[in-house]
Amino acid sequence: MTANIVLGYFFAIVCVISTIYAAVSRDLFRVTIAFFVEITCVSGVLLTLNADYIALIVFTLGLMGTILVISFSSVIQGSLKDSFRAEAVDSGSRRVTRLFGMILGLGLGAAIGWAFLTAPFLDVTKTPVISQEVDVVVLGRMMLGEQLAVFELLGVMILVVVVGAGLLLRKPNNAN
Amino acid sequence: MQIEIYLILAATLVGIGIGSALSRRNIISIVMSITTAGSGALLAMATLGHDSEKQNDGLLFALVLGAILLILMVLGCALAYRRFMSTGTTNIGDRNELRH
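As given, the protein sequences belong to chains E and L, one line each in that order. Just so you know, the working numbering puts 343 at position 158 of the first sequence, and the rest follows in order with no gaps. Just so you know, the working numbering puts 853 at position 93 of the second sequence, and the rest follows in order with no gaps.
Hints were generated in silico from the structure; no laboratory data involved. Yeah, the Cβ is synthetic: ideal placement off N, Cα and C, and Gly gets one too. You may find that some hints are simply not true.
Claimed, not checked - Label-pair distances were calculated between CB atoms; the ranges are:
no.	chain 1	residue 1	chain 2	residue 2	range
1	L	GLY848	E	TYR206	25 to 33 Å
2	E	VAL347	L	MET845	15 to 23 Å
3	E	TYR206	L	LEU835	50 to 58 Å
4	E	THR282	L	ALA827	28 to 36 Å
5	E	ARG279	L	MET845	21 to 29 Å
6	L	SER846	E	GLU331	43 to 51 Å
7	L	MET845	E	LEU329	40 to 48 Å
8	E	ILE202	L	GLN762	15 to 23 Å
9	E	PRO305	L	MET845	46 to 54 Å
10	L	MET845	E	TYR206	24 to 32 Å
11	E	VAL348	L	ASP817	25 to 33 Å
Chain E with its partners taken away, still in its complex shape (with noise of 0.2 Å):
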């Protein structure tokens, strides 16, 4: 039980540091090996909470995120290196902005955490359940059962997803 908090810590420490420096970072090949570790740490924390087959689909959209950026972004880039250099000369209006955009986000953030360490109907000192029935079963029970129309509606979704992405990398027919 003591491993599983540390482990818990840990992966929580490290999500944080390396989605910062995913944030603040130039470089896109650091930025998404970073990517890769938050992904990968937030499934660890999935983990300790029970969440085993959440966990392993977070793993696997980080794993594939990753080998799709990396790709793509070789593609499409050349260097990953100089992916950020027109960030990097940025004007200071445009830096102000960025700035601004930066504050945004981190007072929405602390606003959600405000409003989750607050809320009434939440007891946010005790520790989560851990159910004595695996996850998997649970999901399985309800996506084959009371909640089947979501489970075949994400179906249709990534069907059209699939045939929307083919479209998208067609080639223009006025290209050379």
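Got chain E sorted already, so can you dock chain L onto it with the hints?
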């Protein structure tokens, strides 16, 4: 670990993700920032869903959100490729066509 640790971590991820998305200009990094914010929301959903002893809807929401985030990354990379093929850049700060 108490629930508040998970929720503070989720709010931190959402805040940094939204702030990074608003301050970046590269489409790919914006997509990654939005995915970061989404992973924070996913963590909050899983925490709140797991907290409940009878209702596990939060886990289902987290599962659906994970699929949506993967779809977002695929579409974001496809859009970045499309934009690069048409304009030669993936920075959205140079996009002025929608201003008029």
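These are the hints, each one checked on the structure:
{"no.": "1", "hint": "L:GLY848 - E:TYR206: 25 to 33 Å", "verdict": "29 Å, holds"}
{"no.": "2", "hint": "E:VAL347 - L:MET845: 15 to 23 Å", "verdict": "20 Å, holds"}
{"no.": "3", "hint": "E:TYR206 - L:LEU835: 50 to 58 Å", "verdict": "26 Å, violated"}
{"no.": "4", "hint": "E:THR282 - L:ALA827: 28 to 36 Å", "verdict": "33 Å, holds"}
{"no.": "5", "hint": "E:ARG279 - L:MET845: 21 to 29 Å", "verdict": "25 Å, holds"}
{"no.": "6", "hint": "L:SER846 - E:GLU331: 43 to 51 Å", "verdict": "45 Å, holds"}
{"no.": "7", "hint": "L:MET845 - E:LEU329: 40 to 48 Å", "verdict": "42 Å, holds"}
{"no.": "8", "hint": "E:ILE202 - L:GLN762: 15 to 23 Å", "verdict": "21 Å, holds"}
{"no.": "9", "hint": "E:PRO305 - L:MET845: 46 to 54 Å", "verdict": "52 Å, holds"}
{"no.": "10", "hint": "L:MET845 - E:TYR206: 24 to 32 Å", "verdict": "31 Å, holds"}
{"no.": "11", "hint": "E:VAL348 - L:ASP817: 25 to 33 Å", "verdict": "30 Å, holds"}
In this structure, only the earlier hint numbered 3 is contradicted, and the remaining ones agree with it.
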